[in-house]
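Below are the chains, spelled out letter by letter.
Protein chains: 4
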Amino acid sequence: MRVGVLTGGGDCPGLNAVIRAVVRKGVQEYGYDFTGFRDGWRGVMEGDTVRLDIPAVRGILPRGGTILGSSRTNPLKAENGIRRIKETLAGLEVAALIAIGGEDTLCVAARLSDEHGVPCVGVPKTIDNDLSATDYTFGFDTAVGIATEAIDRLHTTAESHMRVLVVEVMGRHAGWIALHSGLAGGANVILIPEQRFDVEQVCAWVTSRFRASYAPIVVVAEGAVPKDGDMVLKDQSLDSFGHVRLSGVGEWLAKEIEKRTGKEARTTVLGHVQRGGTPSAFDRWLATRFGLHAIDCVRDRDFGRMVALRGTDIVRVPLADATARLKTVDPALYKEVGVFFG
Amino acid sequence: MRVGVLTGGGDCPGLNAVIRAVVRKGVQEYGYDFTGFRDGWRGVMEGDTVRLDIPAVRGILPRGGTILGSSRTNPLKAENGIRRIKETLAGLEVAALIAIGGEDTLCVAARLSDEHGVPCVGVPKTIDNDLSATDYTFGFDTAVGIATEAIDRLHTTAESHMRVLVVEVMGRHAGWIALHSGLAGGANVILIPEQRFDVEQVCAWVTSRFRASYAPIVVVAEGAVPKDGDMVLKDQSLDSFGHVRLSGVGEWLAKEIEKRTGKEARTTVLGHVQRGGTPSAFDRWLATRFGLHAIDCVRDRDFGRMVALRGTDIVRVPLADATARLKTVDPALYKEVGVFFG
Amino acid sequence: MRVGVLTGGGDCPGLNAVIRAVVRKGVQEYGYDFTGFRDGWRGVMEGDTVRLDIPAVRGILPRGGTILGSSRTNPLKAENGIRRIKETLAGLEVAALIAIGGEDTLCVAARLSDEHGVPCVGVPKTIDNDLSATDYTFGFDTAVGIATEAIDRLHTTAESHMRVLVVEVMGRHAGWIALHSGLAGGANVILIPEQRFDVEQVCAWVTSRFRASYAPIVVVAEGAVPKDGDMVLKDQSLDSFGHVRLSGVGEWLAKEIEKRTGKEARTTVLGHVQRGGTPSAFDRWLATRFGLHAIDCVRDRDFGRMVALRGTDIVRVPLADATARLKTVDPALYKEVGVFFG
Amino acid sequence: MRVGVLTGGGDCPGLNAVIRAVVRKGVQEYGYDFTGFRDGWRGVMEGDTVRLDIPAVRGILPRGGTILGSSRTNPLKAENGIRRIKETLAGLEVAALIAIGGEDTLCVAARLSDEHGVPCVGVPKTIDNDLSATDYTFGFDTAVGIATEAIDRLHTTAESHMRVLVVEVMGRHAGWIALHSGLAGGANVILIPEQRFDVEQVCAWVTSRFRASYAPIVVVAEGAVPKDGDMVLKDQSLDSFGHVRLSGVGEWLAKEIEKRTGKEARTTVLGHVQRGGTPSAFDRWLATRFGLHAIDCVRDRDFGRMVALRGTDIVRVPLADATARLKTVDPALYKEVGVFFG
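From first to last, the protein sequence lines are chains A, B, C and D. Read left to right, the first sequence gives residues 1 to 342 (full-length UniProt numbering). Read left to right, the second sequence gives residues 1 to 342 (full-length UniProt numbering). Read left to right, the third sequence gives residues 1 to 342 (full-length UniProt numbering). Read left to right, the fourth sequence gives residues 1 to 342 (full-length UniProt numbering).
The hints are simulated quantities; they were obtained by calculation from the structure and are not laboratory data. Be aware that a few hints might be false.
A pair holds if it fits inside one copy or across any two, identical chains being indistinguishable in the list.
[Claimed, not checked] For lysine to aspartate or glutamate, the following EDC-like pairs were computed, each having C-alpha atoms within a straight-line distance of at most 16 Å: (1) Lys-335 to Glu-29; (2) Lys-335 to Asp-296; (3) Lys-259 to Asp-198; (4) Lys-335 to Asp-313; (5) Lys-259 to Glu-200; (6) Lys-327 to Asp-313; (7) Lys-327 to Asp-104.
So here's chain A without its partners, still in its complex pose:
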């Protein structure tokens, strides 16, 4: 049997670990052949393939990125996308497809599997940890580790210079990275997209922190938004700047804090540093086990499924479940962490 493998969407540490596990177990235990598709669904539509055998996956476990390449091509939006996929698979005699990706990639896999009879297995991937149906996704632990290390380093400067340090981390729709790295790094304020923040409250925490010890560290998710009256998006200098996603809220907030508290504030924008480089041991373990279980789904002909983490077990859930809703930070959890603010 020949099995196709693709990786779609943004970069994420652990993709190569999944690919390696799928191929190692598939070849050694089940005698499968593999076809790698280049750059996600684009490669499937265009029949653009990569050799994928045991030598090809040697040494890739600790490497970030993906040996298959990735893209955001969506066959549901491409002309004859589905038909071209079926033609490629038929032409190459690919009998099953393992799609490793985030919401978009898995959504396509779900539709292909449920509506078009293409036998798909999904492996969830998002650095933001915002996919339902799994406790964690790989890449998240690595990102949190990098952000935490940065926050650790900033404490010394905060101590010595009495400046507010604002750290902008990834998370456009969910605050998981901000919450975990902020807690682990001992931040004094953590702002997430799930709850609009009140700049006055932030300034009150900043001021009380200065009184209690030294300068505060504020961790803010890139998608965090102030309350209506705060008008961040109407800020002209920001608008003309263009890159709202990357340097928006952190810079804006630092300026507001300076204006309102009279304290100097500085911003660090970690950006893509969070999603590159070697995966943490946790992510390698998780990604590898996802890969081992994904190929077992293929062997069991259990298609339309996604592998997921539940506690310490890898389970199988319907592909559709994974993409039904975004997994955001529960208000109760945010409140639990709030004991460290100020």
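Given chain A, put chains B, C and D in place with the hints provided.
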């Protein structure tokens, strides 16, 4: 209300994070006073205390070790141990006790709570991850990360010199560190205490690895034991050596591999490096949440309980459950990982 | 004999290592007493002191920041600054002063020593490595290491997404951090303050890099400035933004590259992350040896001197030499490194 | 013109950085062709070559090991070794040879160049930093960094458990790694091969350290040897053990300390972990500059030379100088560091 806190047993990254969370929430939300006991149960028996308030826990989150000190003193084995504990607590008006420790420490807390009416809450701690009733214990992720980084580095040398590299990691009774770091580090053989290993099989994997690519890396838990016929404990040079725990099985195995395969072999014994230093972000998150929930147990007067991780939730389990049996590596999981051997 | 110690200027990993070495050797070998002054020259002017003995310096070697605090207070610009310093030193019977700091701090020490008969010894400190008379300053190696690790991580994302990644690193007047981290991280363009850059040339390198392999990484020092015609400082959105120092040139350059090449570009601003946290082994070694030799200067009554690194030796140079001119990147060295551009 | 490149001797982080720099500059600036020889001198003698052009050196800068492979084959000891080298070079039209290696490799290059008219340029390589004529060799900073990080981690355990921790680091003939990592890690005793140590003195330091604060950390180079009366090499259990190089002196010393002071002692043997993995930023900078200057030697037809570091400059020295004598730790420097013992 006054709450006592102690840490018992071996060193473990994350202990300070628990203490900080307990005190921060206890003081700020519930208005409790705290008394720290020095060096575990010894401090309680002898009334040896440490100041424990918010200034005392400032800045300790990223630090390894424990500001309270630790010891292996067991009051159940000490003369009038229980009576002296009760006297200390009464004298200091300590109304509840949070015991952070491994099997031994928690066992004492369970007995105190269940049989002697001392209101105890337990927080599980073991770098070996071998406590039942919780998915993970803090310290484990840090240890696995350190061991994985070491294995990563050894790959370059293995590649260049065609030598077998044996890495001995912690784990006297359970193979969790070996299993996780071995998998994450791409080891070619992983040996754990749960399953006696066959030196001939190890040598077969070593030989096949040399054929397939470059020199193999063998990860062995310090408690791994060869099959009977292999007579490791009867080895004279080992016996006269004395330090079986530290340099035993790794060195022995390297010599056996050299003898049987004719390939050069070298050993690295990571030792205490695995249990020191700053905790990983994962461990800081887990330890902090354990602390927050432990103090909630006190507020709820829910004694005789231990906090535990289930998926992404912190739950409460009877203290006695935690110590009922050692959590060892399931044979099915070991087999799953075995696809990468050789 | 009583010796005063102060640290002035910006945060820099290794300050504590100097303090520890000075005190350890001064107490143990020469029997000196020490007085720490809080927050640089401010503490000397105001007689604000910190206990400084062997217990006070225990455990500080690996810690960033400075246990003495720092400030940018300049006694030469303060009313009666010099007189107040002399009064404090006389009142406390401080017979010699060790000043650890950058250009400003050492300039004060030089004037005090040469013109006012205050016996000073200087220890050079600048993360930017731009002090003359010494091969390296401590803090620099740590900053370069942090920036290099960030660039390493960005390569994976550059590979997977075909985006230009601009990394803005510290260096307002000298490009040492950009040059070393850019070279070590395999950057495709490195821009330094010493040489005005030509945006068209940068875009040409970017384009040629895309042709040769994958997306380029551009490392730019915060003080790098484009050629006249490029008008960065006249850019309106930047002007209204305010924080030119922190997020200026990196963001501006990314936008220009997008505009001119049609390729997507993203910016990472490492900011204060580069100057915080534990010093590298190299910086601990250098800072410690500086401290040991500074106290030897005191013993030898060799004042008005600064310790400096020459090859592997620590030498003594006149304090005035250190501040005579900024040590900038030699055009020949920049050209040497330029072989890797594009 | 065609230039040959080889790497000889033990593994060392930075080898790939040299190779990349040589090829990048040689191809781009001088239009040379390159031939890589596999496994050091063996490849030259046997005509075993590797393709070496710009694509071949892409992405290798951060990787440990060497893409050319290495061996300890010595053509001076092989039958017709020199003649076979000359034949290979003539057959492949290789007009110059860049030999990257330690004492043995460079010695061959010196002989080939001086006595046999083979145009050679040497690049010094040794993780032990014991080559004369250069301030530092690449690989050393990486090794020191790894050992220092391990020592940092051990401090927490030393604090909590009152155990002596012995760390055995690399260095058979020179104590550079022990000296630098011991100082940077805040060790309480450092033992080097250059000075026979007195176990009684070590025990006195251990005891005094326990009195002053907490448990001591002892860093010992693998080649350190006790004074005659201490008879380490006559120890039977050690002799029968076989692996004196790896686990000898550390284990022996821990046992002696236990015996003589009554304190528990544990050993960590870092082993090959110190020489693998990604090079530090310092080593990448140094190795790259060595490569750039080595190819300049070829262009200048300045053969029989080795590139070397002097301060911040790369200079050229006669190949013979480099191997004339081992660069060991100066007694004065060891004494300087000794202020931290005990």
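Requested in this report: Could you check the structure against the hints above and give me the numbers of any it violates, in ascending order?
Outcome: none
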